[in-house]
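Protein chains: 2
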Amino acid sequence: MAQQTLEVLQSTDLKPKPDSSELAFGKYFTDHMFMMDYAADKGWQRPRIVPYQPLTMDPSAMVFHYGQTVFEGLKAYRMSDGDIRLFRPEENFKRMNHSSERLSIPPIDEDLMLDYLKELVKLEKEWIPTEPGTSLYIRPMIISTEESLNVAPSNTYTFMIILSPVGSFYKEGINPVGIFVEDEYTRAAPGGTGNAKTAGNYCAAYKAQERATANNKAQVLWLDAIEKKYIEEVGSMNVFFKIDGEIHTPVLNGSILEGITRKSVIELLEHLEMPVQERQISMDEVIAAHEAGTLQEVFGTGTAAVISPVGSLQYKDQDYVVNNGKMGETAKQLYETLIGIQTGRLKDPFGWTVMLEA
Amino acid sequence: MAQQTLEVLQSTDLKPKPDSSELAFGKYFTDHMFMMDYAADKGWQRPRIVPYQPLTMDPSAMVFHYGQTVFEGLKAYRMSDGDIRLFRPEENFKRMNHSSERLSIPPIDEDLMLDYLKELVKLEKEWIPTEPGTSLYIRPMIISTEESLNVAPSNTYTFMIILSPVGSFYKEGINPVGIFVEDEYTRAAPGGTGNAKTAGNYCAAYKAQERATANNKAQVLWLDAIEKKYIEEVGSMNVFFKIDGEIHTPVLNGSILEGITRKSVIELLEHLEMPVQERQISMDEVIAAHEAGTLQEVFGTGTAAVISPVGSLQYKDQDYVVNNGKMGETAKQLYETLIGIQTGRLKDPFGWTVMLEA
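Keeping their order, the protein sequence lines are chains U and E.
For the first sequence, the residue numbers in the working numbering are 612 to 969.
For the second sequence, the residue numbers in the working numbering are 612 to 969.
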């Protein structure tokens, strides 16, 4: 799209900001949002920041029927000195375009979107909580809006960015989670939409999450769709294993979402001279390592938790405790380093953080 | 849910009805719609017929982010004598509940929904076109509406029924379609959502449809996700093969949608003493039958087309012409019988049609 002037329509009715202690995930939204429209004959147009507002949607809008939509998730951190930081936001817009390609949604201009995002976050800077562990969650999203039941890509879309102040993922300290290895339900298959961040992948996981919860486990570990043998992801996170001193993670195979925290962990461990083995990992191998006493750590990586240590794995009615149910040293080091870089407490040798001038 | 009084709020601003010649699929909508809300603490409530109207949706509504939604599709026919018929509508609400179960959506009362649907169609009877081949398409749908980014089943939903007069699928007579056998993209895997009628299954198919179109084929034939060897569906239809005088169709395996036209074709052929073999069918077998000269017919079955004959199959760069590209006798017989029963021109020995008192 050609550069277009960003319109800014400020809200005259500012909402009260919730207390940090009341924050949950994605429950409160700020005073403004970014919007932009797409029409097949006009491209992306009318970039604007407007008061946060409901959408007027025809019941025939394609998103309700055929699910053509993509989204992203990232966080802004504000330190007590007022500095505002985004973590690798360009990676989110790059992945969004990758997702859109799979869903036949027209691409956005990644650099322009980052500029617009920065303007929005600066306008909403008072909404960024500063308590340790809190942040402003950023949700870019595209929905298909054509009013037709024709089963085909939409001719019109709306791109939005909404913002939500979120509480600490670890209010009571970091407690390793139990995970349930799902060998019946499938998250994604080769040739499917697993490596796109699109709505249909998430609701498809709810039945498996019900089973995990019924087994007193917090999250699902997904196996491959074909042999139900190889590890894919944990819940909505990527997963890493420390076996006999080495770090391993499932190789990106087309059905695994390419996590930005995953990528950062791999780059960080490379920098620390602990190269990560990206490869196919079977559940049998993980159990064998557990039996041999070499399964030292398991942890998930994602935007919400950053690093989420795993304390136990339930697989075919057997429960396998990892590292005595405690957080391992590698997970701890990664968590502290990443959070440190994200919030600005630690130097960023990678150029990952984007500072906003407030 | 307990029986609740159906509110009816009539529109005072009736729209002009399109001419039959202008009708397409799902382009025009009638003057009224049915709505009903669900809240976790109240169940399904407030059934009402209201003027067709846009929805007011928060950008954080779960349907936009996590795709938790199901829908149905069926048709009402009106003959020149004024009789209005629905075709097996109870099967649609039954399948809707089956889909909802997979998507963790609360069930509806199937009998009550059928009553409400009848009221709506009766109110909109002037919208049912009467030209041969035309009908009133009925789209029941449920969307998740909770305003939260939490990745979990919604606590609130809206159920709607919208109506759209649709033109003949075969305006220029029935021409067999070409189909492209897709061996890269996947529609659905075992343990996935393939046998639920949910939004995410449809957008996931667009890339494959692009490939079919680029190859001058009208539709995609889907293979199984695991071996890319066994036949699943054609586009959004089920598929049948006549080989050496016998009719075969892929057995319902969990990743194939259980079509109501499919079920009706099987029951009709049973009645005609041509039992259908429901079994696993490989693409190799179909090609071998073609080579041996025993592949007599291929046809799809679905609500939109009823019966759609297949004139050619493209598989791994080879094109296989079926029945000289012409509609076969079985497809023709099935089409005429089903359309005859649906419109009331033929007697219905099965009790499939539901007559509405106008």
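Misleading hints may appear alongside valid ones.
Just so you know, same-sequence chains aren't split out, so a pair can sit in one copy or run between any two.
Within a straight-line C-alpha distance of at most 25 Å, the following computed SDA-like cross-link-like pairs (lysine to any residue) qualify [as the list claims (entries may be wrong)]: (1) K839 x L863; (2) K958 x S622; (3) K628 x L957; (4) K626 x K927; (5) K818 x G865; (6) K839 x V862; (7) K733 x D669; (8) K626 x L666; (9) K839 x G865; (10) K736 x E940; (11) K839 x R890; (12) K705 x H901; (13) K736 x Y931; (14) K782 x E758; (15) K626 x L880; (16) K818 x G951; (17) K628 x Y817; (18) K626 x Q656; (19) K628 x V762; (20) K628 x Y813; (21) K927 x A900; (22) K840 x P960; (23) K937 x G693; (24) K818 x D652; (25) K818 x E730; (26) K638 x E758; (27) K840 x D794; (28) K705 x Y931.
These are calculated hints, taken from the structure and not from any lab test.
Structure-based check of all given hints:
Proximity of K839 and L863 under a CA criterion of 25 Å is satisfied in both settings, with 16 Å inside one chain copy and 21 Å between copies. Taking CA atoms no more than 25 Å apart as the test, K958 paired with S622 passes in neither setting, with 37 Å inside one copy and 64 Å between copies. For the identical chains of this complex, K628 and L957 are neighbours neither inside a copy (29 Å) nor across copies (66 Å), given an alpha-carbon limit of 25 Å. Within a single copy, K626 and K927 get their C-alpha atoms no closer than 49 Å, and across copies no closer than 59 Å, so neither meets the 25 Å cut-off.
In this assembly of identical chains, K818 and G865 lie within 25 Å of each other by CA distance both inside one copy and across copies; the values are 23 Å within and 15 Å between. Proximity of K839 to V862 under the C-alpha cut-off of 25 Å is found in both arrangements, the shortest distances being 16 Å within a copy and 22 Å between copies. Proximity of K733 to D669 under the C-alpha cut-off of 25 Å is restricted to the inter-copy arrangement: shortest distance 23 Å between copies versus 33 Å within a copy. Taking CA atoms no more than 25 Å apart as the test, K626 paired with L666 passes in both settings, with 19 Å inside one copy and 24 Å between copies.
Taking the shortest Cα distances, K839 and G865 sit within 25 Å of each other both inside one copy (16 Å) and across copies (16 Å). Within a single copy, K736 and E940 get their C-alpha atoms no closer than 35 Å, and across copies no closer than 70 Å, so neither meets the 25 Å cut-off. Proximity of K839 and R890 under a CA criterion of 25 Å is satisfied in both settings, with 16 Å inside one chain copy and 23 Å between copies. Taking the shortest alpha-carbon separations for K705 and H901, neither the intra-copy value of 38 Å nor the inter-copy value of 46 Å comes in at or below 25 Å.
In the homo-oligomer, the alpha carbons of K736 and Y931 never lie at most 25 Å apart, since the shortest distance is 44 Å inside one protomer and 62 Å across protomers. Proximity of K782 and E758 under a CA criterion of 25 Å is satisfied inter-copy only: 23 Å between copies versus 44 Å inside one chain copy. Proximity of K626 and L880 under a CA criterion of 25 Å is satisfied in neither setting, with 42 Å inside one chain copy and 64 Å between copies. For the homomeric pair K818 and G951, neither the shortest alpha-carbon distance inside one copy (36 Å) nor that between copies (41 Å) is at most 25 Å.
Proximity of K628 and Y817 under a CA criterion of 25 Å is satisfied in neither setting, with 31 Å inside one chain copy and 42 Å between copies. In this homomeric assembly, K626 and Q656 never come within 25 Å of each other (Cα to Cα): the closest approach is 28 Å inside a single copy and 31 Å across copies. Proximity of K628 and V762 under a CA criterion of 25 Å is satisfied inter-copy only: 23 Å between copies versus 42 Å inside one chain copy. Proximity of K628 to Y813 under the C-alpha cut-off of 25 Å is found in neither arrangement, the shortest distances being 29 Å within a copy and 40 Å between copies.
In this assembly of identical chains, the alpha carbons of K927 and A900 lie at most 25 Å apart only when taken from the same copy (17 Å versus 42 Å across copies). Within a single copy, K840 and P960 get their C-alpha atoms no closer than 38 Å, and across copies no closer than 49 Å, so neither meets the 25 Å cut-off. Taking the shortest alpha-carbon separations for K937 and G693, neither the intra-copy value of 35 Å nor the inter-copy value of 73 Å comes in at or below 25 Å. Proximity of K818 to D652 under the C-alpha cut-off of 25 Å is restricted to the inter-copy arrangement: shortest distance 21 Å between copies versus 41 Å within a copy.
Proximity of K818 and E730 under a CA criterion of 25 Å is satisfied in neither setting, with 39 Å inside one chain copy and 34 Å between copies. Only between protomers do K638 and E758 lie at most 25 Å apart by alpha-carbon distance; the minimum there is 7 Å, versus 29 Å within a single protomer. Taking identical chains as interchangeable, the C-alpha atoms of K840 and D794 lie at most 25 Å apart whether they share a chain (8 Å) or sit on different chains (22 Å). For a Cα distance limit of 25 Å, the shortest separation of K705 from Y931 qualifies neither inside one copy, at 38 Å, nor across copies, at 41 Å.
Hints 2, 3, 4, 10, 12, 13, 15, 16, 17, 18, 20, 22, 23, 25, 28 from the list above are not met by this structure, while the remaining hints are.
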